[in-house]
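Q: So the chains spell out like this:
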Amino acid sequence: MTRPRQSYEGVALVAPVSIPYQRYSIETAHWWIARALRGSLDAAGLKPADLDGFSVASFTLFPDTAVGLTQHLGLSPRWLDHIPMGGASGVISLRKAARAVQSGDADIVACVSGDTNHIDSFRALLSSFSRFAMDASYPYGFGGPNANFALLTDRYMHEYGATREDFGRIAVAQRDNALKNPGALMKKPLTLQQYIDARPIADPIALFDCVMPCAGSEAFLVMTVDEAQKRGLRYATIEGAIERHNAHASDPIQLRGGWTVDIDELYNQAQCAPTDIDLLQTYDDYPVISMMQIEDLGFCSKGGAPDFVRNHDLTITGNFPHNTSGGQLSAGQAGAAGGFIGLVEAIRQVTGFAGPTQVAGATRAMVSGFGMINYDRGVCSSAAILKGGAA
Amino acid sequence: MTTPLTPPPKKNPLKRSLTPTSPPGVRSRATLGLTAAAAEGRFMLQTCAECGTVQYPPRDACCKCLSVDLPWKDISPTGTLLAESTVRTSTNLYFRERAPWRLGSVQLDAGPTIICHVHGDVAPKSRVILSNRLDRSGQGVMMALPEQRTPDMEDDPELRAMSSDPKHRRVLITDARNPNAPTLAKALHDAGATMIFVGEAESWLPNPQRDALTAIPGVEIMALDVTDTTSVKELAGEIGGKLDILINNAQFVRPGGAMARGDVGFAQDEMEVNYFGLMRLAQAFGPGMCSRTADGVNSAVAWVNILSAYALVNSADYGCFSASNAAAYSLSQNLRNDFRASGLRVMNVFVGPTEDDWHQELPPPKVLPPAVARSVVQGLKDGLEDVYCGDVAKDMIERFRAGPKILEREMTKGQQG
Numbered sequence: 001m002t003r004p005r006q007s008y009e010g011v012a013l014v015a016p017v018s019i020p021y022q023r024y025s026i027e028t029a030h031w032w033i034a035r036a037l038r039g040s041l042d043a044a045g046l047k048p049a050d051l052d053g054f055s056v057a058s059f060t061l062f063p064d065t066a067v068g069l070t071q072h073l074g075l076s077p078r079w080l081d082h083i084p085m086g087g088a089s090g091v092i093s094l095r096k097a098a099r100a101v102q103s104g105d106a107d108i109v110a111c112v113s114g115d116t117n118h119i120d121s122f123r124a125l126l127s128s129f130s131r132f133a134m135d136a137s138y139p140y141g142f143g144g145p146n147a148n149f150a151l152l153t154d155r156y157m158h159e160y161g162a163t164r165e166d167f168g169r170i171a172v173a174q175r176d177n178a179l180k181n182p183g184a185l186m187k188k189p190l191t192l193q194q195y196i197d198a199r200p201i202a203d204p205i206a207l208f209d210c211v212m213p214c215a216g217s218e219a220f221l222v223m224t225v226d227e228a229q230k231r232g233l234r235y236a237t238i239e240g241a242i243e244r245h246n247a248h249a250s251d252p253i254q255l256r257g258g259w260t261v262d263i264d265e266l267y268n269q270a271q272c273a274p275t276d277i278d279l280l281q282t283y284d285d286y287p288v289i290s291m292m293q294i295e296d297l298g299f300c301s302k303g304g305a306p307d308f309v310r311n312h313d314l315t316i317t318g319n320f321p322h323n324t325s326g327g328q329l330s331a332g333q334a335g336a337a338g339g340f341i342g343l344v345e346a347i348r349q350v351t352g353f354a355g356p357t358q359v360a361g362a363t364r365a366m367v368s369g370f371g372m373i374n375y376d377r378g379v380c381s382s383a384a385i386l387k388g389g390a391a
Numbered sequence: 001m002t003t004p005l006t007p008p009p010k011k012n013p014l015k016r017s018l019t020p021t022s023p024p025g026v027r028s029r030a031t032l033g034l035t036a037a038a039a040e041g042r043f044m045l046q047t048c049a050e051c052g053t054v055q056y057p058p059r060d061a062c063c064k065c066l067s068v069d070l071p072w073k074d075i076s077p078t079g080t081l082l083a084e085s086t087v088r089t090s091t092n093l094y095f096r097e098r099a100p101w102r103l104g105s106v107q108l109d110a111g112p113t114i115i116c117h118v119h120g121d122v123a124p125k126s127r128v129i130l131s132n133r134l135d136r137s138g139q140g141v142m143m144a145l146p147e148q149r150t151p152d153m154e155d156d157p158e159l160r161a162m163s164s165d166p167k168h169r170r171v172l173i174t175d176a177r178n179p180n181a182p183t184l185a186k187a188l189h190d191a192g193a194t195m196i197f198v199g200e201a202e203s204w205l206p207n208p209q210r211d212a213l214t215a216i217p218g219v220e221i222m223a224l225d226v227t228d229t230t231s232v233k234e235l236a237g238e239i240g241g242k243l244d245i246l247i248n249n250a251q252f253v254r255p256g257g258a259m260a261r262g263d264v265g266f267a268q269d270e271m272e273v274n275y276f277g278l279m280r281l282a283q284a285f286g287p288g289m290c291s292r293t294a295d296g297v298n299s300a301v302a303w304v305n306i307l308s309a310y311a312l313v314n315s316a317d318y319g320c321f322s323a324s325n326a327a328a329y330s331l332s333q334n335l336r337n338d339f340r341a342s343g344l345r346v347m348n349v350f351v352g353p354t355e356d357d358w359h360q361e362l363p364p365p366k367v368l369p370p371a372v373a374r375s376v377v378q379g380l381k382d383g384l385e386d387v388y389c390g391d392v393a394k395d396m397i398e399r400f401r402a403g404p405k406i407l408e409r410e411m412t413k414g415q416q417g
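Line by line, the protein sequences are chains A and B.
Here the first sequence is numbered in our numbering, starting from 1 and rising by one per residue.
Here the second sequence is numbered in our numbering, starting from 1 and rising by one per residue.
Calculated from the structure, these hints are not laboratory results.
Using N, Cα and C, we set each Cβ at its ideal position, and we do this for glycine too.
Be aware that a few hints might be false.
To be verified - Computed cross-link-like contacts, EDC-like style, restricted to lysine to aspartate or glutamate with a CA-CA straight-line distance of at most 16 Å:
no. : chain 1 : residue 1 : chain 2 : residue 2
1   : B       : Lys64     : A       : Asp251
2   : A       : Lys230    : A       : Asp107
3   : B       : Lys125    : A       : Asp276
4   : B       : Lys125    : A       : Glu159
5   : A       : Lys387    : A       : Asp276
As the list claims (entries may be wrong) - If you want a taste of the chain A side facing chain B, the calculated C-beta under 10 Å gives, among others:
no. : residue
6   : Gly10
7   : Leu46
8   : Ala49
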């Protein structure tokens with residue numbers, strides 16, 4: 001038997017920052033990461049020298065890693081991490097940083113993700129994404145993640161009777177949310193009819209099922225609750241957090257993620273139930289993946305998400321606020337920052353910093369991550385429950 | 001159902017020919033096992049020697065027991081199409097130019113899930129047979145085919161992109177005097193080749209096969225002497241721009257090894273035809289064919305060398321002839337490299353001893369022309385790179401794979417027998 005997980009008690013998340021996304025940027029990942037880091041330090045009233053822990057997630061730093069960034073940015077941390085887990089990286093970065101702070105390996109850790117997007121850099125990234133992708137998926141039409149998720153979506157529709165309209169409800173609600181987020185790339189309203197009529201990309205995936213690759217960065221700081229209180233910072237606490245990799249390897253096609261293995265423990269750790277969650281931030285690279293999370297995180301039974309989205313209002317003011325900043329579908333996918341967008345927004349929400357996208361009375365948020373289509377499915381999954389703390 | 005291909009219209013010389021592009025061609029070393037199997041039309045996967053797990057994608061260790069002993073074994077290619085998609089836009093130029101492109105996810109009965117190309121006649125969520133094919137980057141790829149043959153199924157655009165099918169294509173057979181020429185020309189005509197040029201050296205001399213050849217629709221006898229650079233260049237100038245498949249069947253054979261002969265005379269003739277002949281043809285026809293591999297229905301597609309199985313290992317009775325074929329085989333590998341970027345496929349047909357005067361002293365089994373013709377046409381249809389024709393050639397490659405040194409010792413017994 002595995003031992004029970006230790007709690008994350010005493011750890012505070014502060015200073016959530018999102019640097020507004022751009023479709024294309026002439027700048028580098030280093031530049032984007034520096035801006036988010038600076039923004040987060042400024043928000044907490046800290047100087048770079050106050051940091052003693054640094055965690056980075058990025059796809060476009062090559063040939064650098066977190067190591068090169070320390071010298072590039074003039075940091076001298078006593079704890080350093082690099083998280084290559086794409087869409088699951090936010091919660092995983094958080095988990096590791098929290099343990100570092102709890103154990104005293106670091107006092108203040110900056111968790112930062114950022115990527116740039118040059119013309120043609122998305123194609124270049126795809127070509128060298130993973131060995132299995134190079135060997136066994138890209139030679140088949142080179143549809144990139146669109147084609148992979150098209151296969152999962154096709155099977156999901158076949159198994160559970162989901163329709164294009166069901167997926168459309170997620171995309172349309174998120175666009176509605178994004179219109180309130182000045183940093184989102186998408187500025188025009190989206191109707192369900194426009195979603196249905198969109199240009200097909202990789203059947204059954206059409207234009208508004210796909211995220212827009214872009215440049216951007218996200219950051220937050222991890223410190224002790226004592227430290228946050230001493231500095232007068234509003235903070236969020238971690239009620240529970242899980243990760244899992246390569247779960248259900250014998251499923252012939254992915255209809256569930258690794259959350260199903262650990263979800264009971266997550267709620268147990270947080271001492272709450274799905275009905276206690278005020279808002280949900282799922283990893284939404286495609287609507288089908290959000291549906292999979294709504295099921296696997298316990299908000300409905302397996303195959304029940306199509307019905308769930310028909311019966312819930314997923315907007316900021318609705319009865320199930322979901323991806324309140326517009327998510328990647330409407331704010332854009334800034335590379336590895338796509339693994340942070342929901343987490344940073346969740347910290348803003350429970351600390352009351354969300355401004356125009358604020359959900360009234362939000363105290364408990366769930367955020368989940370999903371990452372890395374290594375061959376035919378997403379390998380990494382993660383989730384956390386956050387709660388607002390007193391300043 | 002597949003729409004049958006119609007004969008392509010005459011080419012408009014003012015229109016730009018598409019520059020050949022390739023599907024992604026980079027693979028890990030482990031995955032080249034798939035390519036090696038596809039080159040001879042086999043469906044093989046890594047199978048753990050310790051626990052028997054069949055796995056895909058290819059790995060460097062077993063995903064069940066971490067054994068690194070992972071031989072490739074022939075596996076039943078049957079499975080079920082779990083999901084499919086049609087890619088309508090791709091950042092890769094090859095697929096962009098060929099969109100829409102159907103692909104799918106197949107669960108093999110043997111276990112693993114395989115992302116694959118999907119033939120247009122496969123019904124959604126149906127039973128399929130996976131075929132391991134070479135794509136235009138010369139790498140092994142999987143394609144789901146319907147369980148039962150369908151009419152004109154070889155005309156499916158994705159399947160045709162993997163094959164070297166002679167249908168609607170124009171072919172050159174280099175030697176009208178080789179006993180296999182008429183049968184080969186007839187088989188190509190039956191397979192749908194529209195023009196079949198047949199090269200003939202020293203046309204002033206009688207050729208008893210001439211009437212049989214010219215009786216085949218589409219056949220045109222052309223002057224060609226592969227030992228004469230000028231002759232090869234002249235023919236390339238005349239037909240090189242419309243040649244889709246070149247089949248080099250020119251061969252000079254005499255018995256004997258170095259010690260059985262008093263001088264290098266015959267050996268020079270063997271090299272002139274079997275080795276330099278191939279080089280002359282490649283230098284004259286190769287560049288033009290390579291530039292036309294994206295030229296629509298009748299694009300340039302394959303280069304075929306009919307080699308002796310003795311290219312693999314020296315046969316003492318034909319020692320010098322074997323050496324010239326080994327040279328030609330080695331050159332064919334060099335051509336594979338040089339043709340790679342264009343997607344022009346080099347297919348080697350290794351033939352055992354043939355039923356003719358120069359192999360009279362050998363015991364059977366010997367290869368007759370229809371077997372050569374069948375191997376060539378089927379190899380083209382299946383898009384193969386290596387074909388072994390006849391029992392001797394099949395036996396030879398099997399023994400070669402079991403141990404080249406053992407085979408060499410078997411073949412070089414010396415006087416004591």
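Q: Indicate, hint by hint, whether the structure satisfies it.
A: Tested hints:
{"no.": "1", "hint": "B/Lys64 / A/Asp251", "in the structure": "holds (15 Å)"}
{"no.": "2", "hint": "A/Lys230 / A/Asp107", "in the structure": "holds (13 Å)"}
{"no.": "3", "hint": "B/Lys125 / A/Asp276", "in the structure": "violated (40 Å)"}
{"no.": "4", "hint": "B/Lys125 / A/Glu159", "in the structure": "holds (11 Å)"}
{"no.": "5", "hint": "A/Lys387 / A/Asp276", "in the structure": "holds (11 Å)"}
{"no.": "6", "hint": "Gly10", "in the structure": "violated (39 Å)"}
{"no.": "7", "hint": "Leu46", "in the structure": "violated (41 Å)"}
{"no.": "8", "hint": "Ala49", "in the structure": "violated (43 Å)"}
The structure fails hints 3, 6, 7, 8 (numbered hints given earlier, in ascending order).
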